[in-house]
Amino acid sequence: MAVTGLILIAFLLFHMYGNLKVFIGEEAFNHYAEWLKTDMLYPIFPKGGFIWCFRLVMLAALVLHMWSAITLWLRAKKANPDSYAVKKRLERTYSSSMMRWGGIILAGFLVFHLYQFTIAPRDPASPYNSVVTDFSQWYFVLFYALWLIAVCMHVRHGFWSAFATLGANTSEESHMVLNALAWIVALLIYIGFILPPVCILFGLIGA
Amino acid sequence: MSDTKINITLRIWRQPKATSPGKLVTYPVNGVSTDMSFLEMLDMLNEELTVKGEEPVAFDHDCREGICGMCGVVINGTPHGRGSSPVPTTTCQLHMRNFKDGDVITVEPWRARPFPIIKDLVVDRSAFDKIIQAGGYISVNTGAAPEAHAAPVPKIKADRSFDAATCIGCGACVAACPNSSGMLFTAAKITHLGLLPQGQPERYLRVKKMIGEHDALGFGGCQNLGECAAACPKSIPLDVISQLNRDLIKSMFKRDGKK
Amino acid sequence: MAKPEDFFTVGNDIADTKADTSLPIEKIWPERQFHAKLVNPSNRRKLTVIIVGTGLAGGAAAASLGEAGYNVLNFCYQDSPRRAHSIAAQGGINAAKNYRNDNDSVHRLFYDTVKGGDYRARETNVYRLAEVSANIIDQCVAQGVPFARDYGGLLDNRSFGGVQVQRTFYARGQTGQQLLIGAYQALERQVDAGTVKMYTRHEMMEIILKDGRARGIVTRDMVTGEIESWTADAVVLATGGYGNVFFLSTNAMGCNNTAAWRAYRKGAYFGNPCFTQIHPTCIPVHGDTQSKLTLMSESLRNDGRIWVPKNAADATKDPREIPEEDRDYYLERIYPAFGNLVPRDIASRQAKYMCDEGRGVGPAVTETDQDGNTRQVRRGVYLDFSEAISRMGKDGVSAKYGNLFDMYAQITGEDPYETPMRIYPAVHYTMGGLWVDYDLESNVPGLYVTGEANFSDHGANRLGASALMQGLADGYFVLPNTINDYLASGPYEKLSDDDPAVVEAVNSVNERIDKLLSINGERTVDSIHKELGNIMWEYCGMERKEAGLITAIQKIRDLREEFWKNVKVTGEKEELNQALERAGRLVDFLELGELMCIDALHRRESAGGHFRAESQTEDGEALRDDKNFLYVAAWEFAGDGKKPILHKEPLVYKAIELKQRSYK
Numbered sequence: 023m024a025v026t027g028l029i030l031i032a033f034l035l036f037h038m039y040g041n042l043k044v045f046i047g048e049e050a051f052n053h054y055a056e057w058l059k060t061d062m063l064y065p066i067f068p069k070g071g072f073i074w075c076f077r078l079v080m081l082a083a084l085v086l087h088m089w090s091a092i093t094l095w096l097r098a099k100k101a102n103p104d105s106y107a108v109k110k111r112l113e114r115t116y117s118s119s120m121m122r123w124g125g126i127i128l129a130g131f132l133v134f135h136l137y138q139f140t141i142a143p144r145d146p147a148s149p150y151n152s153v154v155t156d157f158s159q160w161y162f163v164l165f166y167a168l169w170l171i172a173v174c175m176h177v178r179h180g181f182w183s184a185f186a187t188l189g190a191n192t193s194e195e196s197h198m199v200l201n202a203l204a205w206i207v208a209l210l211i212y213i214g215f216i217l218p219p220v221c222i223l224f225g226l227i228g229a
Numbered sequence: 011m012s013d014t015k016i017n018i019t020l021r022i023w024r025q026p027k028a029t030s031p032g033k034l035v036t037y038p039v040n041g042v043s044t045d046m047s048f049l050e051m052l053d054m055l056n057e058e059l060t061v062k063g064e065e066p067v068a069f070d071h072d073c074r075e076g077i078c079g080m081c082g083v084v085i086n087g088t089p090h091g092r093g094s095s096p097v098p099t100t101t102c103q104l105h106m107r108n109f110k111d112g113d114v115i116t117v118e119p120w121r122a123r124p125f126p127i128i129k130d131l132v133v134d135r136s137a138f139d140k141i142i143q144a145g146g147y148i149s150v151n152t153g154a155a156p157e158a159h160a161a162p163v164p165k166i167k168a169d170r171s172f173d174a175a176t177c178i179g180c181g182a183c184v185a186a187c188p189n190s191s192g193m194l195f196t197a198a199k200i201t202h203l204g205l206l207p208q209g210q211p212e213r214y215l216r217v218k219k220m221i222g223e224h225d226a227l228g229f230g231g232c233q234n235l236g237e238c239a240a241a242c243p244k245s246i247p248l249d250v251i252s253q254l255n256r257d258l259i260k261s262m263f264k265r266d267g268k269k
Numbered sequence: 017m018a019k020p021e022d023f024f025t026v027g028n029d030i031a032d033t034k035a036d037t038s039l040p041i042e043k044i045w046p047e048r049q050f051h052a053k054l055v056n057p058s059n060r061r062k063l064t065v066i067i068v069g070t071g072l073a074g075g076a077a078a079a080s081l082g083e084a085g086y087n088v089l090n091f092c093y094q095d096s097p098r099r100a101h102s103i104a105a106q107g108g109i110n111a112a113k114n115y116r117n118d119n120d121s122v123h124r125l126f127y128d129t130v131k132g133g134d135y136r137a138r139e140t141n142v143y144r145l146a147e148v149s150a151n152i153i154d155q156c157v158a159q160g161v162p163f164a165r166d167y168g169g170l171l172d173n174r175s176f177g178g179v180q181v182q183r184t185f186y187a188r189g190q191t192g193q194q195l196l197i198g199a200y201q202a203l204e205r206q207v208d209a210g211t212v213k214m215y216t217r218h219e220m221m222e223i224i225l226k227d228g229r230a231r232g233i234v235t236r237d238m239v240t241g242e243i244e245s246w247t248a249d250a251v252v253l254a255t256g257g258y259g260n261v262f263f264l265s266t267n268a269m270g271c272n273n274t275a276a277w278r279a280y281r282k283g284a285y286f287g288n289p290c291f292t293q294i295h296p297t298c299i300p301v302h303g304d305t306q307s308k309l310t311l312m313s314e315s316l317r318n319d320g321r322i323w324v325p326k327n328a329a330d331a332t333k334d335p336r337e338i339p340e341e342d343r344d345y346y347l348e349r350i351y352p353a354f355g356n357l358v359p360r361d362i363a364s365r366q367a368k369y370m371c372d373e374g375r376g377v378g379p380a381v382t383e384t385d386q387d388g389n390t391r392q393v394r395r396g397v398y399l400d401f402s403e404a405i406s407r408m409g410k411d412g413v414s415a416k417y418g419n420l421f422d423m424y425a426q427i428t429g430e431d432p433y434e435t436p437m438r439i440y441p442a443v444h445y446t447m448g449g450l451w452v453d454y455d456l457e458s459n460v461p462g463l464y465v466t467g468e469a470n471f472s473d474h475g476a477n478r479l480g481a482s483a484l485m486q487g488l489a490d491g492y493f494v495l496p497n498t499i500n501d502y503l504a505s506g507p508y509e510k511l512s513d514d515d516p517a518v519v520e521a522v523n524s525v526n527e528r529i530d531k532l533l534s535i536n537g538e539r540t541v542d543s544i545h546k547e548l549g550n551i552m553w554e555y556c557g558m559e560r561k562e563a564g565l566i567t568a569i570q571k572i573r574d575l576r577e578e579f580w581k582n583v584k585v586t587g588e589k590e591e592l593n594q595a596l597e598r599a600g601r602l603v604d605f606l607e608l609g610e611l612m613c614i615d616a617l618h619r620r621e622s623a624g625g626h627f628r629a630e631s632q633t634e635d636g637e638a639l640r641d642d643k644n645f646l647y648v649a650a651w652e653f654a655g656d657g658k659k660p661i662l663h664k665e666p667l668v669y670k671a672i673e674l675k676q677r678s679y680k
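Top to bottom, those sequences are chains W, D and U. Here our numbering is used: the first residue of the first sequence is 23, the next is one more, and so on. Here our numbering is used: the first residue of the second sequence is 11, the next is one more, and so on. Here our numbering is used: the first residue of the third sequence is 17, the next is one more, and so on.
Isolated chain W, as found in the complex (with noise of 0.2 Å):
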């Protein structure tokens, strides 16, 4: 659950980075979106080889963190079947009661999102062109915003549980260390992520 957690959120943060090309422009982005898809890791792999190799261990990550999640859920409904009639909750943050069904809507949106700019995007041949076109509709803005939030939501408490998970957190001072990384991983996910469709749909990009 840690490990695959961690690779997914170090995915994240890749992808953030070439999100941002677009500010550079139209061609810097769609030659980095070319690079990935064909020349990543050229000559070692075959002309878009690497790419499918990296989108098998993303799927594995994202397979297996799904299934130790369910284990876990599995394990956690059997030890507790009974609830309290009333349950106050003393330390569990929002973000950290909501893994589970956080993660459930963080997939359903992951399909619509590979759909949309992977599997069937607007301009196959300029990807630029596919992302400035769907998030000049304020509607896939705010839909975006608002997934956006769920996943810093989910990866807030899963940097952190991920460490303490692998035994990081071993005194006072880590705990603090790790809840303060965790929330600046979250934010600059956040924000890395809104910025290019937020300057898209008020036209400083691609206008």
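Among the clues, some could well be false.
What follows is a set of in silico ranges between Cβ atoms, one per label pair, in the way DEER data are often shown [stated by the list, open to error]:
{"no.": "1", "chain 1": "U", "residue 1": "641", "chain 2": "D", "residue 2": "26", "range": "56 to 62 Å"}
{"no.": "2", "chain 1": "W", "residue 1": "96", "chain 2": "D", "residue 2": "27", "range": "25 to 31 Å"}
{"no.": "3", "chain 1": "U", "residue 1": "244", "chain 2": "D", "residue 2": "62", "range": "30 to 36 Å"}
{"no.": "4", "chain 1": "D", "residue 1": "17", "chain 2": "U", "residue 2": "535", "range": "55 to 61 Å"}
Hints were generated in silico from the structure; no laboratory data involved. Here a beta-carbon is modelled for each residue, glycine too, at the ideal position from N, C-alpha and C.
Here the structure of chain W is known, so what remains is to put chains D and U in place on it, guided by the hints.
Leaving out everything else, chains D and U in the frame of chain W:
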């Protein structure tokens, strides 16, 4: 000490035996002195029930000074009734001055499959003993001990070990956890013994055996939510769980971690 | 008017026959170990030992005998062996390690313990206790007990209980818990290894004797109500003390004397039942619904000043508004040399006198006095830190006593930094218990008694940090080296379930339970227990008088009759039934209380915790009568309604000089 009397309404889980269904039953209790402990208030209810010829409420308790770990019920949704108080507590050390006249107080047993209900508020926590049996000890026969000063312990490790050793095995961590995980209890013992020089020879085998038993007993997994540490009457820190995980990961690469 | 002699008869003198007292005292234990018969390791698994209780004495013994290879059956009434009341001990454990290089030695620990016990303990037992004390620390450290350490990583020590050396090892304020968890872990290791079978939520209801030997016990499964018999080659009782006869004490709610009392009724002698320790610094009673009392470390008296108002009219005033000239610092006034640091028994007794005079503070509690009149009494005296706070600063006081202040605040809801604490004495420990010899074997062959349940090591008063030492000494190092002498003659003939001895024991338990459930009277168990506690506290508490004790005996007999006529025990036999559990324990307390009063009545001297008003010095201190009472009173049960028989075990001091205890 102000001798104030309050009237309260209790909603208590009543269940005649393990196999029969239970339900919340409402009892008014009047004239409760705010100086009483929560358990003394239950004593008072039981005296009234007995005189009326009704079956008193069964609940576990023993030392009534917060150290034996025998007492423990969920009060208004939090184990030991800590609520939002800054001071952690056991049920026996919770006093009625924390409640107001007219309060409705819901009292439920620990709920977790590894802690089956025996009667009313009494649950069976022998699963905790089984986790300790699996390896929560240092193997030293009586008489086989070296001189006490043979192995000095750095104070910082001794103190951290001690913080973990203060666990009283009450089960509030399991009761608080949405996953019914017993990780805080298990990890407290792993940390207590694992940080001491005396605990090193069995350190990696111990964590494997104990966590194996923990899982086999049907406790849930840990999501690092922190509810356990918040409910813990002895303030066992959440970071002991990370210590356990660290030892567990290391045990995969250690020859002495093999069963 | 009845006389003390009307209540008992005198039997023959008895003596310990296992220790060879012709030897120098330091040779006795090695000699005894050498001459004890041994059991071959391969024969040990054929021998079964029942151990009742899982505290320091019981848990340590079960683990050690399991390791040795015996087949051990271990019982406790709690839901886990880790909950035994040894866990509540705060202060520490003594050991003659002399890590502080301050002239400590086995002999000094021995001397301090005998003197502290006011010369009413058996010196051979105490010497051995001091001898094995150092091994206990080694053993516990190896188990992972986190004793306090200094920055060099070595063990820290502190002084305790007025002793002049620093020999007390401690683990914050929870030494008992840490030691018990150590024993518990050793025990669970043996459970895992299969040498110990653990039966939790099982209460011992009766002992099984066959041909005069202890051969088993009868228990009640507290979950199902099933009455079961268990047989073995030897039985060990490690069932703790009987302070709960007073209803209110620092004992756990479940602590009881049933196991020891059932053994007494079957012929085991009960030693010095009247020796009880009343601790001066406990949090006072808040009202009639109080269920137990909480101890606070005696160390508070080092910096706190104890006082009551000079005028009873000031009892309800805010203490901060009572001017200095209207306060009575009575210990400083009466004992100018020792002041607030007088010994436990004196501090306790004076607090009682002050409250009896009507100058106590705190909430008024209803009591019945010796003439049967009810009265409202405030049972509390101030322990004032305002002087200490102005001297050391609030932070200084907090650093030293912070945890105790927090505990006080949680229980009382008052801030002790702002208003003076209120304290009052409470029953804490019982030095008396089943009579045992040097091997810890009672006069019933095959019945061993360890820890607080026996009478052996503390005489008439126990020193601080010595209870943990005795429990673990008995469990780890004494019993495993003496019980083999008895077991070597085994295995004894197996008893079947239909053996008359077993059937008789099981039937008697069933009859007792059926009777309790059939009375269906009007009084709850607790109401009768509280009444017994009031009688014991009033007449057999801090100050005992002949006339009062005789009155008490009659009152207890009346109360016992009332109990058997009018108690109401709800619920069924075959279920978890806490009312039934408590009723069963009270049956035995109601008989024990009478024996305690008879013992207190017969011992017309003051010694340690036993203060007879008729025997005191001009300064009001306990005055021993070595000429007439230098003996252990071992009581034999003569039958229901018959006078108990007093056997005297004369105490001989060879290694130590007999002196009048003095605090001057």
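Hints, verified against the model:
1. 641(U) - 26(D): 56 to 62 Å: 58 Å, holds
2. 96(W) - 27(D): 25 to 31 Å: Once the Cβ atoms are compared, 29 Å apart, the range 25 to 31 Å for residue 27(D) and residue 96(W) holds.
3. 244(U) - 62(D): 30 to 36 Å: 33 Å, holds
4. 17(D) - 535(U): 55 to 61 Å: Cβ of residue 17(D) to Cβ of residue 535(U): about 33 Å, so the range 55 to 61 Å is violated.
In summary, the structure is inconsistent with hint 4 from the numbered list given earlier, while agreeing with all the others.
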